[in-house]
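Taken in order, these protein sequences are the chains called A and B.
When we follow my numbering, the leftmost residue of the first sequence carries the number 1, and every step to the right adds one.
When we follow my numbering, the leftmost residue of the second sequence carries the number 1, and every step to the right adds one.
Source of the hints: derived by calculation from the structure; they are not laboratory data.
Note that the Cβ used here is the ideal one computed from N, Cα and C, for glycine as well.
One should not assume that every hint holds.
Said to hold, decoys possible - Among the chain A residues that face chain B by a calculated CB cut under 10 Å, a handful are:
no., residue
1, Val11
2, Trp12
3, Ala21
4, His28
5, Gly92
Said to hold, decoys possible - Quick partial rundown of chain B residues pointing at chain A, CB under 8 Å, derived from the structure:
no., residue
6, His4
7, Leu17
8, Asp21
9, Pro22
10, Gly23
11, Ala26
12, Phe38
13, Ala40
14, Tyr46
15, Leu54
16, Leu63
17, Ala65
18, Ala66
19, Leu69
20, Gly108
21, Trp109
Stated by the list, open to error - Cβ-Cβ distance ranges computed for the label pairs, FRET-style:
no., chain 1, residue 1, chain 2, residue 2, range
22, B, Ala13, A, Asp119, 29 to 37 Å
23, A, Ala79, B, Leu112, 19 to 27 Å
24, A, Leu14, B, Met1, 17 to 25 Å
25, B, Pro61, A, Gln150, 51 to 59 Å
26, B, Trp2, A, Arg54, 51 to 59 Å
27, B, Ala13, A, Ala80, 27 to 35 Å
28, A, Ala151, B, Leu34, 31 to 39 Å
29, B, Ser84, A, Gly117, 14 to 22 Å
30, A, Ala109, B, Val39, 32 to 40 Å
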Amino acid sequence: MSGPGLARGAVWLLLLPLVPALAAALWHPRRPDWEALRQAAALAPTAAHSGGLRIELAQARSVHPGVLWVDARPTRDFAAGHIPGAISLHEGAWDEGFLRLVEAWDGAASIVVYCGGADCRASEAVALRLRRELDTERVYALAGGWEAWQAVQGAAEGAAR
Amino acid sequence: MWAHLAVALVFLAAGALKVGDPGAFAKEIANYRLVSPFVAGLAALYLPWLEISLGLGLVWPRLRAAARLLGLLLLGVFCAALVSTLARGLDIRCGCFGGGEESGVTAGWALLRNLVLLGLLAFPVRLGRAGR
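Produce the complete structure using the sequences and hints provided.
Put into structure tokens, the structure is as follows:
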């Protein structure tokens with residue numbers, strides 16, 4: 001195809017989808033909810049709000065009157081192993097996980113979110129979002145995540161032997 | 001030719017699976033945190049139809065070259081978005097084939113899949129040049 005022909009073809013391929021897209025914007029029963037999208041963006045975590053978010057494992061275990069653990073790792077990792085009693089909640093399947101959390105949370109316990117290890121950021125993102133959605137500051141991100149938990153469990157099992 | 005057909009089918013499937021629920025797709029795009037909510041909504045309305053357009057273009061000889069070029073660009077953009085989620089440690093669903101599917105597909109696997117598609121589209125281009 002010649003240069004002008006290529007350009008003309010590309011313009012057609014780019015312009016034609018505008019017609020059904022416009023129709024979808026006007027009449028699709030499941031068209032984007034602009035207000036909900038705007039609110040979701042407002043709830044997205046920012047670095048400015050991350051103060052006082054991290055909590056060490058030893059500190060988390062001594063919190064009164066207890067902790068509700070939230071696992072922010074992908075579902076398959078949660079299925080492979082998690083802190084006993086933890087709720088699976090991550091950004092990829094927020095609505096289902098959030099419903100489980102609300103059902104399990106008594107309103108008194110602190111919530112501690114963990115992800116894979118020291119380098120992941122999913123726990124911070126989920127914790128910040130939970131702080132806003134639940135309107136409480138008692139939501140934390142576990143320093144060291146699942147790896148820190150496993151290290152402590154491994155040491156405890158070793159000592160018991 | 002078979003490579004074009006394979007990529008065309010993937011584009012058609014990806015587009016068709018997403019046109020049914022642009023609202024859910026908009027949330028998937030917003031989860032990447034690369035664009036504003038407004039742009040995410042517009043992209044959710046337009047991208048599935050663009051994928052269908054490119055899928056049809058790839059099987060129509062007169063539009064194949066243009067569709068291949070745009071397909072390479074689009075897949076490049078998708079790859080860049082996936083690389084950015086990996087770099088930022090975001091744990092989100094790809095959203096490549098609409099909601100409900102592939103909840104276990106990580107950004108890494110989605111990136112690999114896109115790179116394979118990029119290769120399938122790029123390969124015939126190189127063959128054509130080598131043959132001249």
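Each hint tested on the structure:
no. : hint                           : verdict
1   : Val11                          : holds, 8 Å
2   : Trp12                          : holds, 7 Å
3   : Ala21                          : holds, 4 Å
4   : His28                          : holds, 6 Å
5   : Gly92                          : holds, 4 Å
6   : His4                           : violated, 14 Å
7   : Leu17                          : violated, 13 Å
8   : Asp21                          : holds, 5 Å
9   : Pro22                          : holds, 6 Å
10  : Gly23                          : holds, 5 Å
11  : Ala26                          : holds, 4 Å
12  : Phe38                          : holds, 7 Å
13  : Ala40                          : holds, 6 Å
14  : Tyr46                          : holds, 4 Å
15  : Leu54                          : holds, 6 Å
16  : Leu63                          : holds, 5 Å
17  : Ala65                          : holds, 4 Å
18  : Ala66                          : holds, 3 Å
19  : Leu69                          : holds, 6 Å
20  : Gly108                         : violated, 11 Å
21  : Trp109                         : violated, 11 Å
22  : Ala13/B - Asp119/A: 29 to 37 Å : holds, 35 Å
23  : Ala79/A - Leu112/B: 19 to 27 Å : holds, 22 Å
24  : Leu14/A - Met1/B: 17 to 25 Å   : holds, 24 Å
25  : Pro61/B - Gln150/A: 51 to 59 Å : holds, 57 Å
26  : Trp2/B - Arg54/A: 51 to 59 Å   : holds, 52 Å
27  : Ala13/B - Ala80/A: 27 to 35 Å  : holds, 30 Å
28  : Ala151/A - Leu34/B: 31 to 39 Å : holds, 35 Å
29  : Ser84/B - Gly117/A: 14 to 22 Å : holds, 21 Å
30  : Ala109/A - Val39/B: 32 to 40 Å : holds, 39 Å
In the structure shown, a violation is registered for the earlier hints numbered 6, 7, 20, 21, in ascending order.
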